[in-house]
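Whenever a hint applies, use it, and build me the whole structure from the sequences.
In this note's numbering, the protein residues as written are 28 to 536.
Warning: the hint list may mix true and false statements.
30 Å max Cα-Cα, derived DSSO-like pairs, lysine-lysine [claimed, not checked]: (1) K488 <-> K512; (2) K510 <-> K488; (3) K95 <-> K488; (4) K435 <-> K484; (5) K512 <-> K397; (6) K495 <-> K531; (7) K399 <-> K488; (8) K95 <-> K399; (9) K512 <-> K52; (10) K466 <-> K495; (11) K488 <-> K433; (12) K52 <-> K209; (13) K52 <-> K397; (14) K52 <-> K531; (15) K510 <-> K378; (16) K433 <-> K510.
Quick list of the computed label-pair ranges, beta carbon to beta carbon [as the list claims (entries may be wrong)]: (17) D474 <-> S499: 20 to 28 Å; (18) V61 <-> F523: 44 to 52 Å; (19) K52 <-> R521: 25 to 33 Å.
Since the hints were derived computationally from the structure, they do not count as laboratory data. By construction, the Cβ of each residue, glycine as well, lies at the ideal position given by its N, Cα and C atoms.
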Amino acid sequence: LGGDHPGGGIPATLHALSTRRGALKRTWLFAPVVTSILSVGFGGSGGLEAPAVQAGATIGSEIASRTKRSFRRRRLLIACAATASLAAMFKAPIAALIFAIEVIMIDLTAASLVPLIFASLASLLTAYFLIEGEDILAVTELAPFAVKRLPFYITLGLIAGLGSVIFTRFYLVSSRAVSRFKNPLTRIITAGLILGCSVASFPSLYGEGYEVVNSMFMGSSNVISGELIPFNNSEGLVIIAALLFAWALKPILTGLTVGAGGVAGVFAPSLFCGALLGYTFALSVNMVFGPETIPVGNAVLAGLGGMMAGVLHAPLTAIFLASEISGGYELFVPLMLSSALSYSLSRYLVKNSIYTRELAERGELLTHDKDKSVLTLMSLSDEIERDFLPVRPDYTLGTLVRVVAKSKRNLHPVVDEEGILIGLLDLQDIRQIMFDRDKYETTTVNDLLVIPDNLIKSDEKMESVMLKFEVSGAWNLPVVDSKGKYLGFVSNSRLFGAYRKWLKETSGD
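Put into structure tokens, the structure is as follows:
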């Protein structure tokens, strides 16, 4: 119900954009929201933002379908709906707009920017009317920016970058580990036991954790409060170790929630871990260098932005979201430093974000690279030409001439009785002997065929297909299935025409 991608949310939306050309399933209008509420409500550790964005994106897709919009317009409507969802939840219109550019991969043009602005503002005003005074994240007090603290913000940014990589690895490993159980009940019981014990020890790991983040902004935290670890002060190596343990546990629990079949996002967990990392960093620095060396609230905000930038590979979204929830741009420089450093280090160590990693591995990711995006949208099955007449290897030259007389093509696939491609026959190569009647009964197709240097598999990605044409210089290449059965030909000219069509379709006005 949550989507084709484990956990649903934003990865499922990106997957639908690349493979279904933006046609999101109608069940996603309600299923992601309901299933995510059930997943988190029954003890899962994750966020509700990504499923809500998915549901909003489905509204945009449905409007595009009803009004018969082009792919470019459909993609823009999906981005507008996703922007509106995020802007309403965090009351951060600029961050939501940039999120559409960095994550949904909308091109930044006047034709796309203005609709995104209107969508963001409309949802923001609606949120103010309906839930005035109720903010998910509330930053009460921050210390002014001081240049002398820059080294600490730089250090925090680098730590956040490493933390982002660890977060991604822990999430993926735990998710895949529990999903290996074939029995759904076994997955649920295994993940449920681990989640139950962890939440009993660290109650703050339950759900999204925004209340804990808000308490950290005020300089206090109940992250490690509980019966098993009854520490409530902010001093001591034991406290630091316990905080780091809770930090490492959060992505594992989120991965278990998703791997067991739950629907939950990583947006909120990344914010929680970023805030907790900043809080732990501030406590450590203040223990070593003295109280108020770095204000706790400032470090929490910088850590939040840094982790979000590194995990989601969305540095501008992180910078503006942190700025907007803090009520201004007083800490813009520290946020820029921590987010940029975290993103750079994370991108160096992990090429793709937690949202796009699996899609990139399968070659199904739309990016701002126009060439790759167009090739991703093109479908090989749509470009296969099937009007080439096949011939058998035991056909005589006389039989071949009769087949050629019925064909409009100069190229013929040579197949066996089961349809397996054996070779190719080009009329240009046999033109000299075609009318030599003395060879009509003595020469067979098997004597004339040529083994092709390049074959295209039916499940091959378009980028690989284009590369084969570029390397071989061929005008036509045969297409076969996984068993080698002949399916048809793909021509260079047809691919070029399809490429031009999709390039025009995806380009801005």
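Structure-based check of all given hints:
1. For the suggested pair K488 and K512, the alpha carbons sit about 18 Å apart, so the restraint of at most 30 Å is met.
2. Proximity of K510 to K488 is assessed by CA-CA distance (about 17 Å); at most 30 Å being required, the pair is judged to hold.
3. The suggested pairing of K95 with K488 holds, with an alpha-carbon distance near 28 Å, which does not exceed 30 Å.
4. For a cut-off of 30 Å, the pair hint linking K435 to K484 stands: about 25 Å separates their Cα positions.
5. The hinted pair formed by K512 and K397 fails the criterion: a straight-line CA distance of about 33 Å is larger than 30 Å.
6. With a CA separation close to 24 Å, the supplied pair K495 and K531 stays within the 30 Å bound.
7. Restraint check for K399 and K488: the C-alpha separation of about 11 Å stays at or below 30 Å, so the hint holds.
8. A C-alpha spacing of about 26 Å is found between K95 and K399, which places the hinted pair at or below 30 Å, so the restraint holds.
9. Using a Cα cut-off of 30 Å, the hinted pair K512 and K52 is violated, with the two alpha carbons roughly 33 Å apart.
10. Restraint check for K466 and K495: the C-alpha separation of about 36 Å exceeds 30 Å, so the hint is violated.
11. For the given pair, K488 sits about 33 Å from K433 by alpha-carbon distance, which is inconsistent with the 30 Å threshold.
12. Between K52 and K209 the alpha-carbon distance is near 26 Å, which keeps this suggested pair within the 30 Å criterion.
13. At roughly 26 Å between alpha-carbon atoms, K52 and K397 fall within 30 Å of each other, so this suggested pair holds.
14. For the hint linking K52 to K531, the alpha-carbon distance of about 26 Å falls within 30 Å, and the restraint holds.
15. Between K510 and K378, the direct Cα distance comes to roughly 34 Å. Violation of the 30 Å bound is thereby established for this hinted pair.
16. Annotation: proposed proximity of K433 to K510 holds, straight-line Cα distance about 29 Å (limit 30 Å).
17. D474 and S499 have their C-beta atoms about 24 Å apart, which keeps the hinted 20 to 28 Å range intact.
18. Between V61 and F523 the beta carbon distance is about 46 Å. The supplied range of 44 to 52 Å therefore holds.
19. Judged by the Cβ atoms, the range 25 to 33 Å given for K52 and R521 holds: they are separated by roughly 31 Å.
Violated hints, listed in ascending order, are 5, 9, 10, 11 and 15; each of the other numbered hints is respected by the structure.
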